[in-house]
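Protein chains in written order, with my numbering: chain A, -3 to 793; chain B, 161 to 323; chain C, 223 to 486.
Just so you know, these hints were derived from the structure itself, not from any lab. Ideal placement from N, C-alpha and C gives every residue a C-beta, glycine not left out. Check the hints yourself; a few may be wrong.
Pulled a few chain A residues facing chain C out of the computed Cβ check, cut under 8 angstroms [to be verified]: (1) THR650; (2) VAL694; (3) LEU703; (4) SER704; (5) TYR707; (6) MET708; (7) ASP709; (8) TYR710; (9) CYS711; (10) GLU776; (11) TRP779.
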Amino acid sequence: MANPTGIGAPVRRREDIRFLTGQGNYTDDINRANQTYAYVLRSPHAHARIREIDVSAAQAAPGVVAVFTGRDMAADGVKGLPCGWQIHSKDGSPMAEPPHPPLAVDIVRYVGDQVAVVIADSLGQARDAAELIEVDYEELPAAVTSDRALAAGAPQIHAEAPGNVCYDWHIGDAAAVDAAFARAKHVTRIDLVNTRLVPNPMEPRSYIGEFDRSTGEYTLWTSSQNPHVIRLLMGAFVLGIPEHKLRVIAPDVGGGFGAKIYHYAEEAIVTWASRKVTRPIKWTADRSEAFLSDAHGRDHLTTCELALDENANFLALRVHTTANLGAYLSTFAPSIPTYLYATLLAGQYKTPAIYAEVKAVFTNTVPVDAYRGAGRPEACYLIERLVENAARETGVDKVEIRRRNFIPPSAMPYNTPVALTYDTGDFARCMDMALKLADYAGFPARKAEAARRGKLRGIGFASYIEACGIAPSNVAGALGARAGLYESAEVRFHPTGSVTVFTGSHSHGQGHETTFAQIVADKFGIPIENVEIVHGDTSKIPFGMGTYGSRSLAVGGSAIVKAVDKVVNKARKIAAHMLEAAETDVEFRDGRFTVAGTDKSLGIGDIALSAYVPHNFPLEELEPGLDEQAFYDPKNFTYPNGTQICEVEIDPETGVVRIVNFVAADDFGRVINPMIVEGQVHGGLVQGIGQALLEHAVYDPDSGQLLSGSYMDYCMPRADDVPSFTVAYHEEAPCTHNPLGVKGCGEAGTIGGAAAVMNAVVDALADLGVTHLDMPATPERVWRAINARRPAAVAAE
Amino acid sequence: MPTVSMTVNGRPATGEVEGRTLLVQFLRDQLRLTGTHVGCDTSQCGACVVHVDGRSVKSCTILAVQAQGCEVTTIEGLAAADGTLHPMQAAFREHHGLQCGFCTPGMVMSAVELARDNAGLTEAQVREGLEGNLCRCTGYHNIVKAVLAGAEAMQGQRPAAAE
Amino acid sequence: MYEFAYHRPASLAEASALLTGNEEARPLAGGHTLLPTLKQRLAQPSDLVDLGGIAELKGIREEAGGITIGAMTTHGAVAHDQTVRRLIPALADLAEGIGDRQVRNRGTLGGSISNNDPAADYPAALVGFGAVVRTTAREIPAEDFFTGMFETALEPGELVREVHFPRPDRAAYAKFPNPASRYAVVGVMVAQRGGEVRVAVTGAGPSVFRWTDAEVALAGNWSPAALDALQVDADGLNSDIHASAEYRANLVKVMAKRAVAQIP
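Next comes chain A alone, as it looks inside the complex:
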């Protein structure tokens, strides 16, 4: 009998009650006795030399406890923020890796760069005092775009990176690609911009640092996606605090989307300074600060070309990308435009030859790192834009060209020309599901009907694939990761039959407390109420790598299953002893251990009790206790995939694009909680739509000021900007290499979303001769595209 709270059930979330009643416990909700408040003074200049900082007036201001600058931290031995991934250039040389001090020393490199910190009894006092700090800046010329930073005579941002190049990397077989292009019948080429975005989790970053003089122990409460990673990076590399003296707690965290993976300067500042002032210090970003200090996402300039034969078979793909990394290397920045991007360039297609070059550039902007999808939306966008343009140029329907070039299920496992091995996937199946749900066959009639109303209607696809479940540690290590990428779990059966699970994954909206509990309840055959999931506190959970890259279930969930299996094996030993049977004769099913072929059985609760009351255990062979830990290191990435179809209608008078239908058909492998999975897809899609139509981080090219630095100018999707969605999935191609058969669902919507929307927009405008539009497809941009191409129509108005 299926467990109503087990695998596959849409169990209502256990975490909801506290969030719905205002009892959530986010970092800024926490207050420590005798707490102080930090305010970080930031650079108003994109690039400047600090001649002098005079903090004396600030130090004397009311309520001020201390003021520190970069020199104070450096003098105390504080090191720079480390980078967790090293890329090597084409020529074998390691990337440029300039130092990144938590508070700037001598030079500021972007508007928002940390200059000093004021610690005071109240936040108001800290901010008042910060205005009394006198900084003598010598302004330097700045470069905020990749083009400008690479131009001759560009300002040099770091001495360690000549020409502002961090690395010049490539992947694939250039010669094979050249040969394929030479014999191609058709080449489709697009120059595109993948825009800079600001992730904008709704909870701004927040930290509390506290030092306990009696124990010498530091505690950091942090709005982080991965507390153990922060403890390792900050403790070992920045502050020199050993693990046993540093506790990092990530309590309830209000969304991450990548922006809360990284180790940020303010974490190190409040932790370090809490010892200096021997009082707890709280720092919480306001939204304006978040725009200027949370790592941004995307920001690529790309030229891409697809070679096709006479039958519209893809022969080769050639890509050149310039990636803007911002002013410093954020924690995982180097890996995003390389191994999380170019390795996905095969997409769902059997393109035999692929070559990509990526030049990563320092600029005077906020550092850029992973944002939901991280590299994979950029890959999907260029592939799917090329595919649809190729379809139009060759006269092959967009469905047919995909079908013709899909990697068939029979070819799995499939080695792509860009280093990945897809384990499973039935791409046509997802597309067929999407075609049906979107009523693709009925589109021409709908387009004609819209035209009668004076509207331009278009339909666009994105057939995406992603590499998730990051990652096999050996692969990641070979590619430059300076960390392992396994996950940990501990499953502790208590004497009276309840279970606590400690996971290295972290939930900041994903619902782990529910999904993980479903798995454990299902595996043990016990009520879900008897299972508690603990995450986010390094003093409780085993060393784990946290949550990003849609890895929680595929890696973290697998670790839990592995630990559950260990518990079952141990319990089987105990059962065999208690039932006086051979271990091999004891079967476990639905929560009971039974001696095969008999009615002798014991519930797992009985086993747990005896495990902790081992009155007659043969102690040489059987330890007391029922508590097991596991580390799971995946054998491969997982490959979620699917097809999204977007239909838009454009008002030619204003250029406004309205999404009239959006369908997503996905393969996430096995689904544990369909309600949560669908919610992840919805949210992901809106972030994709946001990039396509609304969001854009815009810098003034001369001053380096962020022009879209608040919600007044950075357009976050609202409820009335987006439609309801039709979401479907199939479970017929489960992941082959993890115990749950799961692939991950957290990023899928975002990976395909922007491409599907932009393909629909271009499709709507194709009759006017439009072949490409850059994101975001704002009303003005669309209006201009329309009017640039039909002057006669405008004149006639």
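Got chain A sorted already, so can you dock chains B and C onto it with the hints?
Below, chains B and C without anything else, positioned relative to chain A:
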């Protein structure tokens, strides 16, 4: 420093504040009602929405002293004393209208007012009515479903409450 | 925010006394522009004079066939007032489209027009309807009231008491909102009263203005097609990251046509 008094979730609340203290700061820092959140500084995200004298307001854009003498309801005051969720809270749970939970208190407070003011809400009205609340997790799909269901449940409760 | 002294006078006289002669004092109406400005530390008033306790500044009444609205009346109150709905539905529609629900619950008519944000909605209604602004000192015709970007005819210490809107025979407002802030990129109020047609445009320029060519065209032929042959000069219109002057010029025409099309 001025003293401010108001009724919060049915109980009298008094405190000393600066003139510049925002209502949300008074609620969070002095009354320790931390369910009301701050997600922006330009009065747009709506994470801080509470009811003041029955109207939804952004508590980050009203001074604590301006709420002198007012009836304030926060997310903590919405469920019944025995813990029974308000129909809107229950609908958010049933329809998975929340993920990280940060925007949720403001979203629910806005939704309660929206439903109270409009019988027979449509999806379009809900989407428009929530334009003062940003959510980054859900894509709004399930929030809209939840608000429609919550509004219907509130309608169902209305005659009973009036009796 | 910087610290300030807070006052909550119970009468207009008291409020005027607090503001007159104190150039560092600022009146506080709905606060939805002023408080965010203060939070960003972009202003540092010594005193805030909260007008929220002054009963005589609130309320909506019928007057001489039109409507008179107190300065501290919220956008939400205007949007949902039955008298406004009955007499000047276009005004209620405009109020219903300002900001969001919570902004409308706090933001006020007096605060909005005294601030004269070039992207605010109300100036289009005042100029479109030929409204009169009644202050603590005098009566000011709407067209004389809005003098420039964030500038009005108000003297220091002078406060808006109420605004009288004559009733148009027919009117409609069409707005193209900024997708981020929801302010007007362009908002056009089209109104006819007797033989006079007014087309008042907000959002497009530094301050509200009348599109006189359109007024002439519509006076002769009340239909969207009457505007087809006209072009709006982009010169002098606002340009920002959301919309260029040229695009705004297009929107003025499109929104004007859509406003006319709303009216039977």
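Under the criterion of a CB-CB separation shorter than 8 angstroms, is A/LEU703 in contact with chain C as hinted? holds (5 angstroms)
Checking hints one by one. Is A/SER704 an interface residue toward chain C, by the C-beta closer than 8 angstroms rule? Because about 7 angstroms separates A/SER704 from the closest Cβ in chain C, which is inside the 8 angstroms limit, the hint holds.
Hint check: is the beta carbon of A/GLU776 less than 8 angstroms from a beta carbon of chain C? Since chain C brings a Cβ to about 4 angstroms from A/GLU776, closer than 8 angstroms, the hint holds.
Holds or violated: the hint that A/ASP709 contacts chain C, with Cβ atoms closer than 8 angstroms. OK, holds: A/ASP709 within 8 angstroms of chain C, min 5 angstroms.
Can A/CYS711 be said to touch chain C, with a Cβ gap under 8 angstroms? holds (4 angstroms)
Restraint satisfaction for A/VAL694 [CB to CB of chain C, less than 8 angstroms]: Holds, because the Cβ-Cβ distance from A/VAL694 to chain C comes to roughly 5 angstroms (cut-off 8 angstroms).
Is the interface hint satisfied for A/TYR710? The criterion is a beta-carbon contact with chain C at less than 8 angstroms. holds (6 angstroms)
Could you check if A/TRP779 really has its C-beta closer than 8 angstroms to a C-beta on chain C? holds (6 angstroms)
When the nearest CB of chain C is found for A/THR650, is that gap smaller than 8 angstroms? holds (6 angstroms)
Tell me if A/TYR707 is really an interface residue toward chain C, meaning its C-beta lies closer than 8 angstroms to one of theirs. This hint holds: A/TYR707 lies near chain C, its Cβ roughly 6 angstroms from the closest one there, short of 8 angstroms.
A/MET708 as an interface hint toward chain C, with CB separation required under 8 angstroms: holds (4 angstroms)
In this structure, every one of the numbered hints holds.
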